[in-house]
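Residue numbers (this note's numbering), protein chains in the order written: chain A, 13 to 316; chain B, 17 to 350.
None of these hints come from the bench; they were simulated from the model.
Keep in mind that a hint or two might mislead.
Said to hold, decoys possible - Counterexamples of contact, computed for chain B against chain A with all Cβ distances above 10 Å:
| # | residue |
| --- | --- |
| 1 | 42 |
| 2 | 89 |
| 3 | 118 |
| 4 | 214 |
| 5 | 279 |
| 6 | 281 |
| 7 | 291 |
| 8 | 299 |
| 9 | 318 |
| 10 | 325 |
| 11 | 333 |
What the hints assert, rightly or not - Which stretches of chain B does chain A cover? Using the computed rule of at least three CB atoms under 8 Å from a CB of chain A, they are:
| # | region |
| --- | --- |
| 12 | 123-134 |
| 13 | 307-317 |
To be verified - Restraint-style ranges between C-beta atoms, simulated for each label pair:
| # | chain 1 | residue 1 | chain 2 | residue 2 | range |
| --- | --- | --- | --- | --- | --- |
| 14 | A | 221 | B | 210 | 33 to 43 Å |
| 15 | A | 228 | B | 295 | 44 to 54 Å |
| 16 | A | 205 | B | 152 | 27 to 37 Å |
| 17 | B | 111 | A | 224 | 11 to 21 Å |
The C-beta atom is built at its ideal place from N, Cα and C for all residues, glycine as well.
For reference, the chains in residue letters:
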Amino acid sequence: MEANSANTRMITTRKEFYRKFRKKSIAQELWGRFVKNKTAVLGLAIFIMILLLAVFAPLIADYDTVVIKLNIAERLQKPSAKYIFGTDEMGRDIFARIIYGARNSLTISFVSVAFALTLGGLLGAISGYYGGLVDNIIMRIMDVFLCLPEILMALAFVAVFGTSIPNLIISAGLSFSPKFARIVRSAVLSVRGSEYLEAARSIGARDFYIIINHVIINCIGPIIVQVTLYIAHAILIISSLSFIGLGVQPPAPEWGNMLSSGREYMREAAYLVISPGLAIFFTILSLNLLGDGLRDTLDPRLKQ
Amino acid sequence: MEDKKTNGSGNLLNIENLVIQYVSDEEVTHAVNGIDLHISAGKTLGLVGETGAGKTTTALSILNLVPSPQGRIISGKVEVNGVDVFKMSAKQLHAHRGNSVAMIFQDPMTALNPIKTVGAQIAEGIEIHKGLGKTAALAEAIKMLELVGIPGGRANEYPHQFSGGMKQRVVIAIALACNPLLLIADEPTTALDVTIQAQVLKLINELRVKYRMSMLMITHDLGIVAEVCDSVAIMYAGKIVEYGSLEDIFDHYRHPYTKGLFDSLPNIEDRQAELKPIKGLIPDPTNLPTGCAFHPRCDYCTEECKSGEPFARQVSETHMVRCNLYRETDRDML
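Just chain A, with the same shape it has in the complex (with noise of 0.2 Å):
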C-alpha cells in the first residue's frame, strides 16, 4: 500500500499526468498500427492518388474541349508524350476522360454506399437492439432482397426511373442496403449479449451511453471495413451499368461506358480498353487493401 500511495502522489499535476498517460492520443496510435501494414499503406497511397487526380481533373485536362468535345483529326492516337493513354475513337484524350470518370465513379459510388449505409444500418440496429416481431419483419423484407442481384435490381430500377446520377445512386444504394442491414444488425447481435454490457449496466451507465460506448464502438471495425470493400463494388455495379448503357450516358465519361465504346475497337486499339481497364483494377485493389489494413488496425487484439 505505501508503494502505491507513493506512485499516486508522483501524478501531482495533469501536465505530468498527460506526459505519463497520454502519450500518443488514439489517432495516433492507430495511424501507428496501420503503417506497419505495408499493402495497406500502398492501398492507401493508390486510393490517395486517384483521388487527388479526380478531385483536381479541371487543373489538368478541361472538360468541354478536351474531355467531351469531338476531334476527328487526333482520333484513334496511339500513346505518346502529348496523349499519354492516347485517343479514343472521337479523338478524345482518354487519360482526361480517365481522371473525369473518377469523378463520376467516385461520388456515384460514395454517394450510393453512405445511402446504404444510413438505410440498411439503421434497420439493421433497430432489428438487432429490438429483436423479436421487429427484427423478423424486418430482416424478411431484407431477405426478399437479397435474393436479387444487385446488377438485376439496379438494372430494374433504372429502366422504371430512367437513367439519370441520382437515380443510379439511389439504385445501387437500395441494393446494397439488405447487406449493410446484415452486417450493422449481426454486429450488435454479437454485442447485444456481452456480459460486458451487463457489466455496463451494473455502474448505472444508461442505454444511450452504452449503445454510444459499447455497442456502436464495437460494431465500428467490421463496418468501416464493409463500407471500403462496398465503394469498389459500388464502382463495379455502376460500371457495368454504364457497360450496358443503362449508367452514365455518353458523352460523359465514365470508365465503364469508355470500356463500352472501346471494345469495338479492341483489335486495332487495345489501349483503349486497357486504360479504363486498368483503372477500375487498381481502385478497387486499392480499396480491397485499404479495407484489410483497416480491420486489422482496427482490432486492438491483433496490435503487436
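For chain A, the structure is supplied; the task is to place chain B on it using the hints.
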C-alpha cells in the same frame, strides 16, 4: 474516498419473500422461490449453492437487472438502505447501480469490453456517479488500479494485455471505484486458477474491510465462505434451506443438504477416504419436485417430505433450517 452513510441502524440489504421466474413460450423456470436474506452494515453474507440454484438471479435482482422480458419478479421486495429496488424510478436506479451496490462478475474474460482501455472502463463509473470530467475520472481510475495492485501506467492498455488474475483485479477496481455500500461478488474466483484465487480473495476482503462495505459473496466453495463470511445462507432450488452465522453452519449444521455439502469435501487427514457426493442431481427448475425440493436426494426423506413443503424453523436465535426433521425439538441429530 468519501463515506456514504447508511440510513438508520437497520439492515443494509433486506430481501423478503422474493420470487423470480423465467417465463418462455414452453415453460416456466422457477429460479428463485421465496427467499429472505438480510445483511447488516459492514457484514458479509455467503450465498452457497450448486449451479442453477438461483444465486446469480438473486444477485441481479438487487441491481434490478434481472433480464426482461423473460425474467419476472412475481412477488417480494428487495430493500437496499431502506429503499425498495423494484419501486425505483429510472433515474434512481441509475444512481443506485454502481453507486450504492456494485457487482464483481464471475468471468473477467467477458466482463471487460475488449476494445476499450482498462483505465477508460474504470473511469466510466466514476464519470457517471461523481460527475468528474474525463481526465479527472481517468486520474481517479489510475488510483483505483494501483489500489488493486496494478501499476497505474498500465491504465491505457487493453484487457487482452492482462492475465486472468489481473483482469479480475480490474473488474474489482471497476466495482469499487464508486465506493459502494454493498458489494456483490458473484463467484469472483471461479474463472481463476487456485494460486490466484487466494490473492484475489485476500484483496477483496482487505478492501471490503478498509472501506467498510457489506458484501454478498456468492460461491459454491465452502473454503471461501469459511475465510470471508460472517453468516451463511445455503440455497437449494431457489430456496434458502439453512441460514445462520458462520459458526452455526460450519459447526452445527442441521440440514441434510448442508451435511451433504460438507461430506463431499475431500478429507485432508485421511487420503484413502472416498468422497461422499450427494446422490442424484439438482432438480430441473422448470419441474421442481413436490414437497421439499431436496427429498429425492435426501437420506432422511419421509412420506411427509414428499407432499408438504417444510416450514422454516428457528433452531437458535441466528440459525434457521427448513427441514421436517426438526419438527419441534432442538435435538442434535448429527
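Assertion that residue 299 of chain B lies farther than 10 Å from chain A (Cβ): Check passes; 27 Å lies beyond 10 Å.
Assertion that residue 279 of chain B lies farther than 10 Å from chain A (Cβ): Residue 279 of chain B is indeed farther than 10 Å from all Cβ atoms of chain A, at 34 Å.
Supplied distance hint 27 to 37 Å, evaluated on CB atoms of residue 205 of chain A and residue 152 of chain B: 33 Å, holds
Distance restraint hint 33 to 43 Å, applied to the beta-carbon atoms of residue 221 of chain A and residue 210 of chain B: 38 Å, holds
Minimum Cβ-Cβ distance from residue 333 of chain B to chain A exceeds 10 Å: Per Cβ check, residue 333 of chain B is outside 10 Å of chain A; nearest 34 Å; holds.
Assertion that residue 214 of chain B lies farther than 10 Å from chain A (Cβ): 18 Å, holds
Cβ contact check, 8 Å cutoff: the region 307-317 of chain B against chain A, three residues minimum: Since three or more residues must qualify, the claim that chain A covers the region 307-317 of chain B is violated, with 0 doing so at under 8 Å.
Beyond 10 Å from every chain A Cβ - status for residue 118 of chain B: The assertion about residue 118 of chain B is violated, with a minimum of 6 Å to chain A.
Cβ contact check, 8 Å cutoff: the region 123-134 of chain B against chain A, three residues minimum: Coverage by chain A holds for the region 123-134 of chain B (8 residues, Cβ < 8 Å).
10 Å Cβ clearance of residue 325 of chain B from chain A: It holds; residue 325 of chain B is separated from chain A by about 33 Å at its closest Cβ, greater than 10 Å.
Non-interface label on residue 291 of chain B, tested against every C-beta of chain A at 10 Å: At roughly 33 Å from the nearest Cβ of chain A, residue 291 of chain B sits farther out than 10 Å, so the non-interface label holds.
Whether the CB-CB distance between residue 228 of chain A and residue 295 of chain B falls inside 44 to 54 Å: Because 51 Å falls inside the window, the suggested range holds.
When held up to the earlier numbered hints, the structure conflicts with 3, 13 and fits the remainder.
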